[in-house]
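Make the full structure from the sequences, and use the hints.
One letter stands for each residue in the lines below.
2 protein chains.
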Amino acid sequence: MSSSFKRLLLGKPIPTESENRDQLRKHTALAVFSSDALSSVAYATEAILAVLIIAGTFTLGLSLPISLAITALLVIVGISYRQTIHAYPGGGGAYIVARENLGVVPGLVAAGALLVDYVLTVAVSISAGVAAITSLAGALGYPGLREYGVGLALIFIATITLLNLRGIRDKGLLFALPTYIFVLSILGMIAYALIRYFIVGAPDLPPPASIEPPVNAELISAWLILRAFAAGCTALTGIEAISDNVQDFKPPAARNAATTLTVMIVLLVTMFLGITYLANLYGVTPNSVTNETVLSQLARGVFGIGPIYVLLQVATALILVLAANTGYADFPRLAFFLARDRFLPRQLANRGERLVFSNGILVLGIAAAVLVVLFQANPIALLPLYTLGVFTSFTLSQLGMVRRNLRTQTNGSERAALISGIGALLSGVVLVMLALTKFIHGAWIVIIVIPILVLGFQVIARHYTRVAEQLSLTTAVRPQPIRRLTAVVLVSGVHKGMLPALELGRALAPDNVTAVYVNLEPDQGMRIRSRWEEWGCDVPLVVLDSPYRSLVTPVLKYVQEIEGRYRDDQVMVILPEFIPSRWWEHLLHNQTGLLLRAALMFRAGKTVISVPYKLER
Amino acid sequence: MSSSFKRLLLGKPIPTESENRDQLRKHTALAVFSSDALSSVAYATEAILAVLIIAGTFTLGLSLPISLAITALLVIVGISYRQTIHAYPGGGGAYIVARENLGVVPGLVAAGALLVDYVLTVAVSISAGVAAITSLAGALGYPGLREYGVGLALIFIATITLLNLRGIRDKGLLFALPTYIFVLSILGMIAYALIRYFIVGAPDLPPPASIEPPVNAELISAWLILRAFAAGCTALTGIEAISDNVQDFKPPAARNAATTLTVMIVLLVTMFLGITYLANLYGVTPNSVTNETVLSQLARGVFGIGPIYVLLQVATALILVLAANTGYADFPRLAFFLARDRFLPRQLANRGERLVFSNGILVLGIAAAVLVVLFQANPIALLPLYTLGVFTSFTLSQLGMVRRNLRTQTNGSERAALISGIGALLSGVVLVMLALTKFIHGAWIVIIVIPILVLGFQVIARHYTRVAEQLSLTTAVRPQPIRRLTAVVLVSGVHKGMLPALELGRALAPDNVTAVYVNLEPDQGMRIRSRWEEWGCDVPLVVLDSPYRSLVTPVLKYVQEIEGRYRDDQVMVILPEFIPSRWWEHLLHNQTGLLLRAALMFRAGKTVISVPYKLER
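Same order as they appear, the protein sequences are chains A and B.
Letter 551 of the first sequence, counting from 1, is numbered 551 in full-length UniProt numbering, and no numbers are missing.
Letter 121 of the second sequence, counting from 1, is numbered 121 in full-length UniProt numbering, and no numbers are missing.
Note that these hints are calculated values from the structure, not bench results.
Warning: the hint list may mix true and false statements.
Put simply, identical chains are the same to the list, so a pair is met inside one copy or across any two.
[Unchecked claim] Lysine-lysine pairs mimicking BS3-like chemistry, simulated, CA-CA at most 25 angstroms apart:
id	residue 1	residue 2
1	Lys496	Lys12
2	Lys6	Lys557
3	Lys614	Lys557
Dropping the structure here:
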């Protein structure tokens, strides 16, 4: 029954041979790989405003110059990633680039940062998607939906996890549509609002917040501007996705990927600056009472509550869900690379029935769900954790490109090194700034987690190396053949369930088999012994006393004693085990059997034989 | 290391032979068995007032007549329990009395009600104890402690659970002192307040709430009075404890127990009525803002904030903790009775290293902790769940006494049946009233849980009966001796770890052993085969293809195939297993081994041999 339920959820198993990679055309690839980057405009402007508003509305005008600075950073990092695309046409993720050019530890740091980052991609995008939906519901007169934000986010995560466990086969239209609708409606909104502004004049809304220069709070303002800049850097998240997946483009892959990256950056910059400008024009500020998103307020202001507003909100929610979905492609794949290189448990390298890395998908889903619950599905609260991992991987990836270009010494490699160097320098400076300004707002969690992950990778790798050394046959001595077998059958009473175990014991070690009963209640021993005479299959019975009512201790002691008898024998402990006919009945049986088996195997290193006895009903 | 940590927490194991039961003198027994009953005065009055206040302060005066009615009920049930004491000098818990006189199902209903009740005893008493402490802290100027109520309650539960797992040996002074201090300070407070009232006059506090008859809300008031009465019935919780434990009294046990019960009821009635009267006199009402308890407000009003007030609060907290502790004696013992009679898993009948029913203690601790978290350690919110189980067991226990007395037909048995009958009738009426008035306030949970428990008891009992039938040797045919053995060794590669398993396979079935390798990656098969030539110990290797990357399916199929070869052989599957040297390394190994073993044993009913290979570092 549980198996057919699994079939229903996941579908039929897929054979290994049906694996193939579709190669994507540019316009599909843009939709597939840029949903993460483009969707960040849904919250980047709000993140800046949420910091500035702390000092009062008069500072909100600063959001425009801050956004321009972020745009400059975005363009430089983007140009640097175009180089990565040409250098790694097989896919140049930060782990691969950093490990190959900078060494193992920088590679692992990049990997740890990326794993954290992918979890946050899911948590942030889903939370922001839920915020878009609850904002829409609020505007349509259902403000109560906000109460269920966490529940909604968890349902989304569960659904995406399940879909990815099934394996999403058709990546074409499904992925392209919401991305294009989102881009078109945002660009349309910006164009419409600007045209209306220049024809009709200022909107009939509260006037834009006037910019008054802060008088005697210069120092605080400098810090505030830094924080707002750091907050807005979330606009850069996801721009590395195309360079990670060059191999998925139709040939000429590198050229197509580079063109796609350029288009994406132009779209991203236009939407980000446009939304920030409009937010200033319409005097929109983050609303901590209704929690309506800035984008929702803006769309309402421009279009009023109507079908276009609803379409924009739905498209926003959908692209954010798609953005979360990119985490489900990236996390399991990076985990596979790490497991293949023995830095993570090998279970993460196995593909499940549906030809996907099921374990990685599950780990990601659970981690994201935990974050969503801890941060109550509030995207703005999650953002301080987000960008740190992204910029760590940016910095390391571009540093790797500098090193690579300096080594190769080909035509134009110096110029390339210079561009990557500027990108690395800027990313590194922003990284330090992010760590400082966001530290107390949650970044400390990431700063603690990444080194722990790197340490964990190394501990796991060392373990696997040691095991491989110990298992190596080059140092092996061929073991002596086993000449004599001794069997101990543990019996829990005189009943049918122990008969198969006793028969096996007699067959394996006809001259060296004993049955052992542990006497937990003082008066049981005699009763068992007398019943044994009749039914014991001629196997001698040993009754062990257990003054402390432990089952394990007397058995371990007895087995050690038995072992001392001969020098050349192999002792085997035979455990009869009931196999109940219904799953819940397992709770009523075999708990002591499990304990005994664990103690005999793990503590005493004994060979254990489990003989099942099937209960019919 | 984990073992020495366990030693530190629990102490050394205690041998079975050192079991003994102390017989208690009356004054010690009073303290030990009546802490649950006496401590209920700490919240019973408040429970009544909390209902009445809903209709406004003018109804608060009704608390006095309501308390008198509850007292009458208390006395009648008390007299009925005196008879139970004489009839069951070996201890007459409701499960035993109901099962013996009314049948199995009523016995199980009583048992289910009692199990629920004991969990609630712990949850309510601990929550009320924490309320006493936070009220004290609030009065002393630390209102912030209230925020940590749930945390405090969980720490208390963990501590009591741990102490009971160790086994509390010395029951004398430790238990007597807080109970007597509590009784003396409450009686002292009542006496002092009354004397001061008659000498000095009314206290200089807000005047008592004047009783204005409700004008046109008669129906609502009748319902309200019923609800307030039902709420106050918590004063009766715990009065059955003495009759459950008659065997622990010094001889003549029955007479001593009956005397102790009488003393307890007199004390209980005096304190309950006294507190209710004083609450009216001082115009004390439940405070939903500070959450200060009524008893704390009263003590502050009478004594002012000083050493006597602090002593009273501390004594209240202590007796409530003791009351919770009675749950830790009752729950595991009832669970033992039920497990012995096969209505609960047999693990609950085992005594742990310290000669206590460790599993029952753990189940109780976890259940109480869950309740405390769900109800935020609010005793008044928990109370609607509490009394229902108590009155179910009262009713069934006294009905059982009626039946017993009618059967015995001795001198005075008719009179005894009449008394028990009145008690049963009243308890039954109150039970229905409780179910009705408290239904929407949480009682529905108990009304659902008790039948589920009863059903569970019966399902478990049926399972154990069926197993016993299937295991019975009276229908057994002596099995054929095993003549031929076939061994299949599952190997995960060519390495040292599989050598012991292969050697064992050769020794067990020299002519019938094969090694099996499951080919998950298409290109591995050839590599393994060529390495096998060199190291395979002459055992033939079979490489199984697995197009769906499943390890289990091809192995199960192969084993079934092997089985068809001979009619008279026993197939054994040999699994080599790594034993890591550190606990966390288990996470990196043997997960597939566990899956394979489960599938082979539980799904295919095969004998599985686990051969350990110890990793040194």
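Checked hints:
1. Lys496 / Lys12: neither (40 angstroms within a copy, 37 angstroms between copies)
2. Lys6 / Lys557: Answer is between; shortest inter-copy Cα gap is 21 angstroms, intra-copy 44 angstroms.
3. Lys614 / Lys557: between (30 angstroms within a copy, 20 angstroms between copies)
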